[in-house]
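Student: For chain H, the structure is supplied; the task is to place chain D on it using the hints.
There are 2 protein chains.
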Amino acid sequence: MPVTLAVDLMGGDHGPPVVSPAVCAFLRKQVAASVIAVGLPDALAELTHRAGDEFGPRLSTFPASEVVSMDESVASALRGKKDSSLRVAINLVKEGKADAIVSAGNTGALMGIARFVLKTLPGIDRPAIATILPTLKGHTYVLDLGANVDCGAEDLLQFGIMGAMLVAALENKPEPSVGLLNIGIEEIKGNETVRRAGELLRASGLNFRGNVEGDDIYKGTTDVVVCDGFVGNIALKTSEGLAQMLATYLRDEFSRSWSRKMLALLAYPALKAFKERVDHRRYNGAALVGLRAVAVKSHGSADAFAFECALHRAYEAVATRVIDRIGQRIASFAESQEPVKFVGGSA
Amino acid sequence: MPVTLAVDLMGGDHGPPVVSPAVCAFLRKQVAASVIAVGLPDALAELTHRAGDEFGPRLSTFPASEVVSMDESVASALRGKKDSSLRVAINLVKEGKADAIVSAGNTGALMGIARFVLKTLPGIDRPAIATILPTLKGHTYVLDLGANVDCGAEDLLQFGIMGAMLVAALENKPEPSVGLLNIGIEEIKGNETVRRAGELLRASGLNFRGNVEGDDIYKGTTDVVVCDGFVGNIALKTSEGLAQMLATYLRDEFSRSWSRKMLALLAYPALKAFKERVDHRRYNGAALVGLRAVAVKSHGSADAFAFECALHRAYEAVATRVIDRIGQRIASFAESQEPVKFVGGSA
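The listed protein sequences derive, respectively, from chains H and D. Just so we're aligned: the first sequence equals residues 62 to 408 in the working numbering. Just so we're aligned: the second sequence equals residues 62 to 408 in the working numbering.
It is worth saying that the hints were derived from the structure and are not from the lab. Here a beta-carbon is modelled for each residue, glycine too, at the ideal position from N, C-alpha and C. Any given hint could turn out to be false.
[Unchecked claim] Beta-carbon label-pair distances, calculated as ranges:
hint	chain 1	residue 1	chain 2	residue 2	range
1	D	S318	H	K143	57 to 67 Å
2	H	E232	D	Y329	37 to 47 Å
3	D	S318	H	A308	15 to 25 Å
4	H	H200	D	E247	27 to 37 Å
Here chain H stands alone, though its shape is the one from the complex (with noise of 0.2 Å):
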């Protein structure tokens, strides 16, 4: 099945030296693959000119004129921007030209634009957004990491339901585990919204395994784990913080002296294992879950690697279907579930 993946050029902090060699990489690999690049006129020239004709029809551009800064309201995205890259990107989908977006350009207007746009499934009132982190046993899916700061316990269960049907979906796991993130395991702990959640979510039924720590997410507990935007993007935050301090203190110890940078060279298969084993930028790429098209948020720092990955991580979704059988799982969830209340999208 071909795919075709609409790519902002200019998102991100870096823009087009860092997005568009990621196109070229990404489509060397996936042969099967095209992308329509939207960016200035400027940008776009340049993707030509360093691209040549090395993929023929497989890459094509469209322009746009203006630019969506990151810090930019959702509000003057959406409305005072409709010829952005973003915007028009995400008009490619709208409009079949396009199966998914893909942009490491601001997370709320990318959200905002998208929901206007593309709308939600059927039930989902809001959509999250969902990344892979590395755990013990493997990975788990966590969401949400930013979209929606302000959740109630609905918004909770719909997304332990939208990460549980992305899982089933993405990695043919019939029944998904779903942990809720929580200060403590027992039913009582956590705050109000929390623990109503956790009522929601334990008469879902979901596989639900109760409340999970923030530990809990590298062990690998459950294959999904649920939080609102606001403590996901913190958890997120602090692991990266984390990681790098790790890996600054570790370069440290093997850079003292002469013989520790002698060992160094020595011990480089077992580090550089390490490194790539734990290189965030091989997660980089989270889903927009509950809108009717695949979208893909880029970390707005990624080098041209890691928006690579998002580009292969769209495409995955899209050649795996995820998004009709989200939907499917969704509405066949709904039919079996009469205590869960589903209210309507924005569709």
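Tutor: For chain D alone, coordinates are given in the frame of chain H:
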């Protein structure tokens, strides 16, 4: 200045088998310190047997007939177990027989009983749990870490003040920098409570640096990081989980083959130095700030080395007269700051 610690022998996942040796190791190092160990008679007898005459009057025991379990509710511990080791140890501080209480027991019960018995400082509504975390630049203080799961903006302001006063006293920094943990550095980011807390902190006269993100904790961007107890607990536990996973991965890489194991032997000093530098046990011992006496909470799963670190932390807090200094600073801060509303403490 002689310092006497009341130690809850029964608290934590392990109880006396961990706490008793920690007390002995602590007393060997801090020759100006005394300990009153509080516990069930059998545990006290075992400790007395273990210590023999080594510490003379520096080690005494005080019996209790009950133990607060790790998952007991605050209400049950507070009203139903008036002769628990935790309660009796806190009473010793109240009665002036000890200067500080240290426990690895139930956090909620420790906070609830300490607040009820010891009272809060004037001007403080809710005590907070503050811990030290290592950073790229040294270390930083984070609060709250789980004492308060539903915080208003005023609470976050008070945490900022208490954290700043704690660092000012412990580190002799006149104007510690304070950051508010949020999902972006822009003032518009975050939920309603956090945005309002940002306004209060900006008007507080503290050395407030605005919002910080999760990765700023380990970058050491500010001396103090303020957050509500739910978020702080998740950030801390997530960090623990990640650190454990990375340690496991590193061990894996250095034990894949005989040659790798040989390398690990050669690299042992570097790996050991790295391990010690990031050993979370060294940071064990969170301070309950805002009370009228020093109370230190050890991690429930602490081993003897970690628990000993918590004892040293309590000793330092008493020896540097942290409570007086926080109290004085809060009083002078309250006088100088007309716009900040101080609600009466529970004293």
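Student: Now, for every hint given, state plainly whether the structure supports it.
Tutor: Cross-check of the supplied hints:
1. D:S318 <-> H:K143: 57 to 67 Å: This hint holds: roughly 59 Å between Cβ atoms.
2. H:E232 <-> D:Y329: 37 to 47 Å: Roughly 39 Å apart at Cβ, these two residues keep to the hinted range, so it holds.
3. D:S318 <-> H:A308: 15 to 25 Å: Given about 24 Å between the Cβ atoms, the range holds.
4. H:H200 <-> D:E247: 27 to 37 Å: 31 Å Cβ-Cβ, so the 27 to 37 Å window holds.
Hint violations for this structure: none, all hints satisfied.
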